[in-house]
Amino acid sequence: TSIEKMSVFLSSGDVEAQERASVSLNILKTALKLMEKSEFNFNEFSVLFEGVLNPVATKAQ
14 TSIEKMSVFL SSGDVEAQER ASVSLNILKT ALKLMEKSEF NFNEFSVLFE GVLNPVATKA
74 Q
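Here the sequence shown is numbered in this note's numbering, starting from 14 and rising by one per residue.
Calculated from the structure, these hints are not laboratory results.
The beta carbon of each residue, even a glycine, is placed where N, CA and C say it ideally should be.
Hints are supplied without guarantee of correctness; some may be wrong.
[As the list claims (entries may be wrong)] In silico BS3-like links for lysine-lysine, alpha-carbon gap of 30 angstroms or less:
no., residue 1, residue 2
1, K50, K18
2, K18, K72
3, K42, K18
4, K72, K46
[Unchecked claim] Restraint ranges, calculated between C-beta atoms of paired labels, are given here:
no., residue 1, residue 2, range
5, D27, E52, 31 to 41 angstroms
6, E49, S25, 43 to 53 angstroms
7, K50, D27, 29 to 39 angstroms
8, K72, K50, 35 to 45 angstroms
9, K72, E52, 38 to 48 angstroms
10, K50, T14, 13 to 23 angstroms
11, A70, K50, 30 to 40 angstroms
12, V21, A73, 15 to 25 angstroms
13, K72, L47, 16 to 26 angstroms
14, S24, A73, 15 to 25 angstroms
15, K18, K46, 11 to 21 angstroms
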């Protein structure tokens, strides 16, 4: 499944890859739960993807 494939990145040596995988997996899992309950509203959920995703600062790693 997509979740299993994305989970590989949680243990990546790259902190940025770990962070993005964690966020993506949580968003995907939440969307799947809402779809199961027929409570998923794409218009509300799409707000999460409106901003620009910038790289993590080198000093933050």
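Worksheet item: Is 16 to 26 angstroms a correct range for the gap between the Cβ atoms of K72 and L47?
Response: The hint (16 to 26 angstroms, Cβ to Cβ) is violated, given that K72 and L47 are roughly 37 angstroms apart.
Discussion item. Range first: 29 to 39 angstroms. Now tell me if the beta carbons of K50 and D27 are that far apart.
Written reply: holds, 34 angstroms
Discussion item. Need the status of pair K72, K46: alpha-carbon distance at most 30 angstroms?
Written reply: At roughly 36 angstroms apart (the allowed maximum being 30 angstroms), K46 and K72 break the hint.
Discussion item. Verify the CB-CB distance for K18 and K46 against the hinted window 11 to 21 angstroms.
Written reply: holds, 19 angstroms
Item to complete: Please test the hint of 15 to 25 angstroms on the beta carbon pair from V21 and A73.
Response: holds, 23 angstroms
Discussion item. For the hint 13 to 23 angstroms, verify it against the beta carbon of K50 and that of T14.
Written reply: holds, 19 angstroms
Discussion item. Is 35 to 45 angstroms respected by the C-beta to C-beta distance linking K72 and K50?
Written reply: holds, 42 angstroms
Discussion item. Against the range 15 to 25 angstroms, how does the distance between the Cβ atoms of S24 and A73 compare: consistent or not?
Written reply: Holds, at about 19 angstroms.
Practice prompt. For the pair we were handed, K42 and K18, check the Cα-Cα distance against 30 angstroms.
Written response: holds, 13 angstroms
Worksheet entry | K72 versus E52 beta-carbon gap, inside 38 to 48 angstroms or not | holds, 41 angstroms
Discussion item. Can you tell me whether the CB distance of A70 to K50 sits inside 30 to 40 angstroms?
Written reply: holds, 38 angstroms
Worksheet item: Should the hint that E49 and S25 are 43 to 53 angstroms apart at their CB atoms be regarded as holding?
Response: 29 angstroms Cβ-Cβ, so the 43 to 53 angstroms window is violated.
Comparing the model with each numbered hint stated earlier shows that hints 4, 6 and 13 do not hold.
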